[in-house]
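Numbering (numbering that gives the first Met the number 0), first residue to last: 0 to 210.
These are computed hints drawn from the structure, not numbers from a lab.
Warning: the hint list may mix true and false statements.
The calculated BS3-like cross-link candidates involving lysine-lysine, where the alpha carbons are at most 27 Å apart (straight line), are [said to hold, decoys possible]: (1) Lys44 <-> Lys15; (2) Lys201 <-> Lys15; (3) Lys19 <-> Lys84; (4) Lys181 <-> Lys153; (5) Lys84 <-> Lys51; (6) Lys35 <-> Lys63; (7) Lys165 <-> Lys67; (8) Lys165 <-> Lys191; (9) Lys187 <-> Lys164; (10) Lys201 <-> Lys44; (11) Lys165 <-> Lys149; (12) Lys201 <-> Lys37; (13) Lys84 <-> Lys67; (14) Lys165 <-> Lys151.
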Amino acid sequence: METEARFYFSSSSKDKIIDKLRTINELTFDDRYYEKTKQYNHPMKEYDFYKKEIDGRFRVRTSKSSNKSKCMITWKRRLNSSNDKIHNEEEIELQINIDEYDNLVYLLENVLHLELVESYERYRTVFYNDDVEIVVDEFPFGIALEIENKSKTKNGTEIVTAWIKKIGLNIKDAYDLSWDDKYLELCKEQNKKVENIVTFDKDMPQIKDEY
Numbered sequence: 000m001e002t003e004a005r006f007y008f009s010s011s012s013k014d015k016i017i018d019k020l021r022t023i024n025e026l027t028f029d030d031r032y033y034e035k036t037k038q039y040n041h042p043m044k045e046y047d048f049y050k051k052e053i054d055g056r057f058r059v060r061t062s063k064s065s066n067k068s069k070c071m072i073t074w075k076r077r078l079n080s081s082n083d084k085i086h087n088e089e090e091i092e093l094q095i096n097i098d099e100y101d102n103l104v105y106l107l108e109n110v111l112h113l114e115l116v117e118s119y120e121r122y123r124t125v126f127y128n129d130d131v132e133i134v135v136d137e138f139p140f141g142i143a144l145e146i147e148n149k150s151k152t153k154n155g156t157e158i159v160t161a162w163i164k165k166i167g168l169n170i171k172d173a174y175d176l177s178w179d180d181k182y183l184e185l186c187k188e189q190n191k192k193v194e195n196i197v198t199f200d201k202d203m204p205q206i207k208d209e210y
């Protein structure tokens with residue numbers, strides 16, 4: 000189980016957020032990655048990952064930086080939480096050789112017949128220590144700042160709450176739902192076409208809230 004909170008800001012806030020994280024001596028900078036993610040749904044309606052009773056995301060993700068690359072299959076599902084702003088989620092990850100990516104996609108789409116629901120690209124900058132991982136995600140529509148507990152022995156909610164304060168944020172401003180919910184919300188607000196393939200070269204809505 001993972002415990003996390005997520006905040007959204009304008010694209011112009013990126014440098015200010017990263018500069019803030021670099022000033023915190025307790026954090027170690029990992030790297031900046033280009034990521035591409037495909038999200039699939041089960042072909043049988045009774046196992047629909049997106050229905051309320053399941054509320055899960057089955058994903059295939061590639062991550063590449065100047066130093067390393069990886070491919071992961073992940074399953075993520077929202078669990079009940081005592082705090083609406085800090086999420087408890089089931090997350091299962093499987094890492095495979097990135098050279099097998101094309102074969103994996105072929106098996107999922109042409110053998111298992113999973114439905115490709117949506118895909119997106121982003122840049123992810125990662126900071127971490129033994130207790131927390133903090134990522135700055137550059138989406139085509141804005142910045143997501145995610146704070147995730149990594150401790151196996153300490154209270155996850157307390158760690159996330161403490162780091163929210165350390166970064167200078169208010170838990171009341173955390174966003175309750177996933178990136179795709181935020182994107183859909185922005186499209187409706189700004190009268191933009193909803194794309195199921197979200198990339199930087201398309202006409203995207205933009206988050207206006209500054210860090």
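Structure-based check of each hint:
The suggested pairing of Lys44 with Lys15 is violated, with an alpha-carbon distance near 44 Å, which exceeds 27 Å. Restraint check for Lys201 and Lys15: satisfied, since their Cα atoms lie roughly 25 Å apart, inside the 27 Å limit. Simply put, Lys19 and Lys84 have alpha-carbon atoms about 22 Å apart, close enough for the 27 Å limit, and the pair holds. The straight-line distance between the Cα atoms of Lys181 and Lys153 is roughly 30 Å, outside the 27 Å bound, and the hint therefore fails.
A hinted pair counts as satisfied when its Cα atoms are at most 27 Å apart, and Lys84 with Lys51 qualifies at roughly 18 Å. For the suggested pair Lys35 and Lys63, the alpha carbons sit about 9 Å apart, so the restraint of at most 27 Å is met. For a cut-off of 27 Å, the pair hint linking Lys165 to Lys67 is broken: about 30 Å separates their Cα positions. About 35 Å separates the Cα atoms of Lys165 and Lys191, which puts this hinted pair outside 27 Å; it is violated.
Restraint check for Lys187 and Lys164: the C-alpha separation of about 31 Å exceeds 27 Å, so the hint is violated. Distance check on the hinted pair: Lys201 and Lys44 sit about 31 Å apart at the alpha-carbon level, beyond 27 Å; violated. A C-alpha spacing of about 16 Å is found between Lys165 and Lys149, which places the hinted pair at or below 27 Å, so the restraint holds. Proximity of Lys201 to Lys37 is assessed by CA-CA distance (about 17 Å); at most 27 Å being required, the pair is judged to hold.
Of the supplied pair hints, the one linking Lys84 and Lys67 is violated, its CA atoms being roughly 33 Å apart against a limit of 27 Å. For the given pair, Lys165 sits about 21 Å from Lys151 by alpha-carbon distance, which is consistent with the 27 Å threshold.
Of the numbered hints listed earlier, those contradicted by the structure are 1, 4, 7, 8, 9, 10 and 13.
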